[in-house]
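Q: Please build the complex by placing chain P on the supplied structure of chain H, with the hints as guidance.
Protein chains in written order, with our numbering: chain H, 12 to 357; chain P, 907 to 1255.
Keep in mind that a hint or two might mislead.
[Stated by the list, open to error] DEER-style ranges, computed between Cβ atoms:
no. : chain 1 : residue 1 : chain 2 : residue 2 : range
1   : H       : Ala-57    : P       : Ala-944   : 39 to 47 Å
2   : H       : Ala-331   : P       : Ala-944   : 27 to 35 Å
3   : H       : Gly-171   : P       : Arg-1134  : 51 to 59 Å
4   : P       : Ala-944   : H       : Val-260   : 52 to 60 Å
5   : P       : Leu-955   : H       : Ala-331   : 34 to 42 Å
6   : P       : Arg-1005  : H       : Ala-261   : 36 to 44 Å
7   : P       : Pro-1155  : H       : Thr-163   : 41 to 49 Å
[Unchecked claim] Covered by chain P, according to a simulated footprint, are these stretches of chain H (three or more residues, beta-carbon under 8 Å):
no. : segment
8   : 175 to 189
9   : 234 to 248
10  : 330 to 336
These are computed hints drawn from the structure, not numbers from a lab. All C-beta atoms in this analysis are idealised placements derived from N, C-alpha and C, irrespective of residue type, glycine included.
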Amino acid sequence: MLTHLERSDKNTQRCCRIMTHTRVLTIPVVLLTLVFAFGWHIAVGAKTVPLGTVFQALTNYDQSVFDHVIIRDLRMPRAIYAVFVGASLSVAGALMQGVTRNPLADPGILGLLVGASFAVVMAVSFLNLSSPALIPPIAAFGATVTAILVWTIAGVAPGGSTPLTLVLSGAAITAFLGAFITLANLMDQDSFESLRVWLTGTLSGRSIDVLYWSLPWIILGMVLSFAIAGQITALAMGDDTAIGLGINVARVRGTALLAVIALTAASVSIAGPMGFVGLVIPHVVRLFVGADYKRIVPYSAACGAIYLLLVDIVARLILAPVEVSTGIMTAMIGAPFFVWLVRARL
Amino acid sequence: MTTTHLSAFRGRISVLVAPKAMWVALALSTLLLTITAASLMSGSYPIDLPGVWQTLVGTPPSDTAQTVVWQFRFPRTLVAAIAGALFGLSGAILQNITRNPLADPSLVGVSQGAGLAVVAAIVVYPDINAGWRPVLAFGGALAVAALIQWIAMQRTGGATMRFILTGIGVAAFISAITSAMLTYGNIDQAQAALGWLAGSIHAVGWVEVKFLSICLALLTPCLMWASRPMAALKLGPEVALGLGVAVRPVRICLITLSVALAAFAVAAVGPLGFVGLVAPHLARRFARCGVGQHLLLTALTGAVMVCLSDYVGRTAFAPIQIPAGILTAILGVPVFLLIVVKIQSPQQL
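This is chain H alone, in the form it adopts within the complex (with noise of 0.2 Å):
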């Protein structure tokens, strides 16, 4: 007869050997499919393209010939995009959920995509402030107003904040906010005119100045990432447990907090709201690296970079000629995996 405890322990041995037995995801594997997705993804479209040329066009640029312009100038930006806030989006979920230890923390559920999407539509609807330079700043703002807000509503409520308030309080900001954004689509119907579609969340139609100005946000945010992710592991398995193995809970949570703010803004910037991305990619990756939050950034990261590129794929081809908004898509994904989620961890 075993007792609990060892049967426990010889369960988890099990696990960790199943884990590390059957590694899907490795590194070369996921750069590789990253590499495919990519290509696809420029590949599709009214014009398909073949696969050929398109890594021609990528490698040995030949502006006589129309493909390689299409894809130089319109396929690959957008491309570019999909992997920039696909990364962004999902290493900013990896490290909420490792921080709030809430298996549902995602920058879009808790209010912080909407709040940095509302400083951008007040900025160039009331402001005039346009400046591609300036977008990422002022989401960045509106993101760290929102974040604050919200962990001090759930944090006040009884029992402090649980997935429960985090998510109510971050789903009541956002319908608050939301309200707001419509009210100023009408008292400004034509400064709002370019400001629609983006609030769906969509990686076509922004200039490319937009990345570059977002690019330096997305590098802070990740190598935060990359440099507390290992201490972001023992914070996951509880505050005592952190400090007991020596980690300064505070910093490593305002580090993570910044990160957060920095990826979201950036990707707010580029693509609107882009919702449920951040909330689907760590629980899948973290199927396959376990816990370790070490594997987990970098692989979210990619499989995140990934997801978007095939999502945004799927938004069009599936209706076309007409393109369904990125944004929509991630949604219709992540929302049944958000409620499978709560059947399946609350």
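A: For chain P alone, kept in the frame of chain H given last:
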């Protein structure tokens, strides 16, 4: 709470009445009448109070006043009041039977289900008769309610919390499908649907008034019947069973009733958020009383809320009309957060 015992038909029908609640009901009715009067008076063609009164009793001061009051302002105000009452009642029933202070038809996706059914019909069959709208809304809302119940009921323990979270997820999913429908659909129809989805009352006429009055008239007797088993269900399914309530069928009937109230209101004015959440709580704050009177107060509070939102949205930034749904959300969210924060124990969530 002090109550007075009233009985009729030799004690066959008897009710406990809290006098304070009746005073509150009177005050709310007066407020509703005041807002109605203000709403009839103001707009781009102002009419003074005697003028409004003369128009209503049939001796209008001018033809313009006659048209403005009877064609535009009066039906609009009536629809706002009745829809508000329906939303409030729907929320009150949902809160009582799920024993969850946060249940609201628009938070858990019931309103969104109604919205999706209507938008899908507009997009797929553009020349559909407007009369089908309520039926579709009811069907969509009922399907969503059944789906959430089914998902949330699969496992035991913490059921109410899972109910709300499931609802939030389902609501997000349905909103995404609705947005996709709008991108796919014809731009003119999409524009019309967008205004309706924001919870706008500006396009209603006497058809909606008639429709909503019939709904209210048909559903009120059901509500009067339902108030007794609902009072028992409020104490929990075990107690209700002990008090002789057939819990399962009554629950199903009540959920259907709640969904019907929300769906018909949505069919007329679009998904107005947070009224069903806030009105029952405000009513409870105004006066402590039994379930029946609480429903009455809730209906009046909901009516006042939506009328006021419509009136303010129409006049505050004229000529821009702000849909009432936006104002109810702006009003409702702080109250919602207050409820979350004020709940005594985490078990109540």
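Q: Each hint needs a verdict: does it hold in this structure or not?
A: Structure-based check of all given hints:
Range check, Ala-57(H) to Ala-944(P): Cβ separation about 55 Å, and the 39 to 47 Å hint is violated. Checking the proposed 27 to 35 Å range against Ala-331(H) and Ala-944(P) shows it is violated: the Cβ atoms sit about 52 Å from each other. Separated by about 39 Å at the C-beta atoms, Gly-171(H) and Arg-1134(P) break the suggested range of 51 to 59 Å. Our hint of 52 to 60 Å for Ala-944(P) and Val-260(H) holds, since their Cβ atoms are close to 56 Å apart.
For Leu-955(P) paired with Ala-331(H), a C-beta distance near 59 Å fails the hint of 34 to 42 Å. At roughly 39 Å, the beta carbons of Arg-1005(P) and Ala-261(H) sit within the given window of 36 to 44 Å. Restraint check, Pro-1155(P) to Thr-163(H): a C-beta distance of roughly 44 Å satisfies the suggested window 41 to 49 Å. Coverage of the segment 175 to 189 of chain H by chain P holds. Counting CB-CB distances below 8 Å, 11 residues qualify, and the rule asks for three or more.
Residues of the segment 234 to 248 of chain H lying with their CB closer than 8 Å to a CB of chain P number 0, which falls below the three-residue condition for coverage. By the rule of at least three residues with a Cβ nearer than 8 Å to a Cβ of chain P, the coverage given for the segment 330 to 336 of chain H holds, with 5 such residues.
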